[in-house]
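Engineer: Sequence:
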Amino acid sequence: GYEYIWIDTCCIDKTSSAELSEAINSMYKWYNEADICYAYLADASPAGIEDPSTPNSTFRQSRWFTRGWTLQELIASRQVEFFARDWTYLGAKNGDISFTKLLNEITGIQLEVLTGEMSPQDVSIGSRMHWAADRQTTRVEDIAYCLLGIFNVNIPLLYGEGKRSFIRLQEAILSREEDQSLFAWHSESLTLDEADTSWHINNWSSSFCGLLADAPDKFWDDSDIETTMPLTLTGSPPTVTSKGLGVDFLLLPCEDDQVAKDADFRVVLNCERIRDGQRESPVIYLKRLRGMGDQFARVRSDLKTFVPPNISLLEGGTDERVFVKQNPSSDIRIIRVLSAKNSPQFQLPKDLADRQLQSNWKIKDAWPKQGWTEKTETFLTPNLTFGLPCGLFRLELDADGHSNTVDVAVGMHAPSQRLCRSWCQIMNRDSFLDPQ
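Positions 865 to 1300 (the working numbering) are the ones given, in order, by the sequence shown.
Under the rule of at most 30 Å between Cα atoms (straight-line distance), these lysine-lysine pairs were calculated in the DSBU-like manner:
{"#": "1", "residue 1": "Lys-1082", "residue 2": "Lys-1107"}
{"#": "2", "residue 1": "Lys-1239", "residue 2": "Lys-1226"}
{"#": "3", "residue 1": "Lys-1168", "residue 2": "Lys-1082"}
{"#": "4", "residue 1": "Lys-1082", "residue 2": "Lys-893"}
It is worth saying that the hints were derived from the structure and are not from the lab.
Required output: the full structure, derived from the provided sequences and hints.
Structural biologist: This is the structure:
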């Protein structure tokens, strides 16, 4: 017999934060060192009533396969024996190979991992995340904490932080493993109407996201993504900074990519899968923020694009270290237009230069229209490039009883690396005047 038995549902004093933290951070190790693990499936039919391998069997549909905490029980334990609701024996993880293959079908975990021929650490990060894609936990934070052992990391438990726990998990993973399959996740696909209106002020900023997924269910692709050697061997490991997650990427311009028209660059990740005998790597899309510099956002995360990895990609790309905040919309620039009448900096065209603006002027129109809110006189733009106009305003001037319209371009420029200023420029009849 056995001298000790441990049950996670009743052997942890959850009133003690220290004991709870120790148990969660040590649970994978305890399962791994156990001689045997018994899995009781309260919703599985007794043995002999049905064939567990049938498509709609109660065994396949058991909640045990959708709980977050049971994932590490299955992977870490050397042997797992399954029992039905009446405690009749159903099968074992390392018993009949046909039963092990059934577990592989249900969970998506590689057969070699279940049999112990392969360590979970030999599987790409993206594939391991996929194992948890269809699993749930009662508390939001636990979907991260139940994966600590699978990724061999430890993080403090902070209940109440919500999805931030999953971000911290991924940051801890990146401090140990440099595997870009962590970025090979996708959000739900946009409808055609949503894709066409993604620039709209209400949708545009929310379409910006970070490099890290907010939950494992974003890794809904098959768990066959494998890490590969990078196309370029230079570069530094990822870092977490106040500017966001810093990663070295080979940036490929996507000017001709009509599908990703909202992006500036595409990145072919250093991982791949095999489809129809061909290797293909996932692609993510980035947009440069603030017009220049190293701040980026991921866009169109709904696009599931793969391309053959090819050395020819090096010809059109540039190596750059990019920084991506998990909430890039916090860096969106809002230009507020103030009615600064009689300002000495407001210079009229030559044909109006002799007139005094002693009366009213107002903004008659703005472009792009999606970014302009007349009530608050604010202008939101995704196309901010230092030195170039990000928007145009048509002013209606009422001077000396005469009404005229003048088009004004507005934008930002950077006199130095640490300083940026706004500018506005009257447009003449024929061409745009470069800002000074």
